[in-house]
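Trainee: This is what each chain is made of:
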Amino acid sequence: MNYLVSGATDMGTVKKTNQDSFFANIINTEIGQVAFAVLCDGMGGLEKGELASASVVNAFNVWSKNRLPQLCTGGLNDSVISHEWTNIIVTYNEKLKQYGQKSAVRLGTTATAMLVTEQRWYIVHVGDSRAYEIYDGVRVLTKDQTLIEQEILAGRITEQQAQKDPRRSILLQCVGASDEVYPDMYFGDTIRNAVYMLCSDGFRHEITENEIYSYFRPEVMVNTDTMKMCSNELINLNKQRGEKDNISVVTIRTY
Amino acid sequence: MLEIGMLLDGKYKILSEIGRGGMSVVYMAINEKANKTWAVKEVRRDGVIDYEAVRQGLIVETDLLKKLRNPHLPSIVDVIEGEESFIIVMDYIEGRSLGKALKEYGAQPQEYVIEWAKQLCDVLGYLHSRTPPIIYRDMKPDNIMLKPDGNIMVIDFGTAREFKAKNLADTSCLGTVGYAAPEQFGGRGQTDARTDIFGLGATMHHLLTGRNPNEPPYTREPIRNINPSLSAGLEKIIEKCTQEEPINRYQSAEELMYDLEHFEEVDDRYKKKQKHKLGAFITAASLSVVLAGTGLGLNIAAGQLASSTYDELIKQAEFTDDVSRKEELYIQCINIPDKSGDITAYEGLIELYKEDDFTKEEEHKLITELIEKNMDALESNRQSFAELCFDVGELYFGSYKYYTDSEDNTSLNAFQGAKASEKWFKNAYDYSDETYENHETANAYRQVGALSNKISNSGDSDNANQKAPEEEEYRELFKNMNDLIEYASTCDDQYLELKIYDCALTAIDNYTYDFIDSDISSDQLMDMYERVKSAVTAIKPRSKYESVKAEILERCPGVKERIEYAKNAKEEA
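Those sequence lines, one after another, are chains A and B. Quick note: the first sequence uses the working numbering, first residue 48, plus one each step. Quick note: the second sequence uses the working numbering, first residue 451, plus one each step.
Calculated directly from the structure, the hints in this document are not laboratory data. Each hint should be verified, as a subset may be incorrect.
Said to hold, decoys possible - No farther apart than 20 Å at their CA atoms in a straight line, the calculated lysine to any residue pairs in the SDA-like style are these: (1) K149(A) x G636(B); (2) K765(B) x D788(B); (3) K149(A) x G639(B); (4) K983(B) x E1022(B); (5) K550(B) x E141(A); (6) K291(A) x G636(B); (7) K149(A) x K804(B); (8) K149(A) x S790(B); (9) K804(B) x D771(B); (10) K211(A) x G639(B); (11) K149(A) x G507(B); (12) K149(A) x A101(A); (13) K690(B) x E141(A).
Unchecked claim - Residues of chain B clear of chain A, computed beta-carbon distances all greater than 10 Å: (14) H522; (15) F635; (16) E665; (17) E694.
Where is the CB? At the ideal position from N, CA and C, for every residue including glycine.
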């Protein structure tokens, strides 16, 4: 399997800092090429949100460079990945929490990381960033860990009410501010000629799935230049429509 | 920096380190003169990154606590601020947090939780009654210390103002989000006493179930879904505390305290009461709107006063054991102007009269009079009026003996209860629609009553023009009787259940031939009989109903014999 990867981020129209961080790379291993990406949306006062998201992204980056090739030698499986990633998340939850206590601030970050191999893809997920699979349609692979999603599922409010509810930006958990963190894990079979995408919530509030599909469908995403361009187009569309948050998106095209 | 053995401020001898957090160290100290132990918390400038922010937080916390005096709040005796550190001398609280207890032992026993909740109500009531009121906003097991004597202390006032309305575009993640009331996220109006009620409810839920609301699945199911042995009353209390809308919660810590003290009584009556309260609220609310429209501010105040007096009297009535006092209080409630349309007090009376099984003539008269007098007010809410009529109907239905020892009187008294209740069930049916759960049952009752009246009137010489019931009507009776038997099996009033079975047996016994002539086969009658008999046998009656059950079982063989006899007669014919 071969991959193209691309990423784009924008501070947005309102905020003074960009607290989103991401990393994406193609890595050569004994089981062939694999693509790895991680995206974090930080929160907290001033520069602290960046610190949270950047340190978690960095931890995954280091893992993908040092640990992932070793794991591939021994053969990957769901439980190994799950164990390793949960470890990273739990460790950074503690580290950020301690840092926060010392500086008397609350800081934290979402974390969504994805590994795509020839056979299988793996996702670890905390918060409300998302992973998508775009093939003959748009499929959301992760479930938002937000209070509002919970309220919708419980039938206490409707999707429409949720748009206006002040709790829509409240996360159920995040890395750095939860007593205990319980990452969700997702696994699936990789599709050739598909696009896998990670994005922060700022990327998806103002645009529709149809728009995502029309820009990101595999037939369009054929080289990294186009991928970059499409990503920027959608980011701009978000800004034109009044998105206030930082906006980030990472795409992986398989072929 | 504090060190073991040193004397702080000439008074407090530092004995040992008892805790260490991210930014502070806590020591145990003794004031040797007073022979009292204290906790000394030291926050060092070089131990934290943003000292100024931490210091501000501490000043807020200590200034707040210094003003408060409550057995469940730690008192601060001294704040010593130096160049290098901020030192707080406060009550030494032995024990550990309920959060820790949960982690170690899981769900906590119900009776403890109730006791703690009462103490928390006490402290919240105290905080809320300060001027201006102090809203704690951070109730959670981690902030409650359990002392070895079983009492609790509320700690950590420094973080109490975490939940200010946030900039909505900002994502935030709050560690204690699971205990926080919806209005704490902004956009829904102010936080107030009821915000803390929510937090207390959520805390009780966690303590009782062991389910941390901040961990998957992040939901708050009714406590008995998780542990069926917990009290239904307590479940309702928690549900009420954790309502989305503040107006639907307990409005004050005192109100919650009251229910916690009586949670067992809340068990059975709650359901009914809740329904009616809502009705009353809607009436009251719409009333206020009308009055506001005409600018009669004074009347609104009077209306509110009436409501609170009413609620107060209802509460008193519910929890007194003195029967005649109870009756008196309910009647007082009904007589409050503006409140005669609220059915809560009527329901209370019915409940009370049901207790003595055979309602006295004068009790019937009183209820009837009260309802007739206030008909206009009651009718204005059709649904609640239907419910009230249904309950009066059942009171009447259950309150007569269906048969007497004297042979001659048997048929006369057979359906006395059914007959007396007819008009009430008719109202219940007419005033409600299919959305009322007892709509169809009311209909079945009404028809049984109607037919009983018809049968007895047809035999009455004064009503010679009354026709005897048609075959069709007996078929209806049979069907309705079946419906009532079905209803009886789901009904939680044991006495009424027995009475319905008794009524069914009486119907079979008295109209065996009429049924058979109306194409109800003897086998169908036998089926009904067997169904009733096994249902009665299966009932485990409360002691006062044992004799009722025994009486019914006693008549079974006679009824069976009659069906068999009729069957043989039919076959011979």
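Trainee: Quick check: which numbered hints come out false for this structure?
Mentor: 1, 3, 4, 7, 8, 13, 15, 16 and 17
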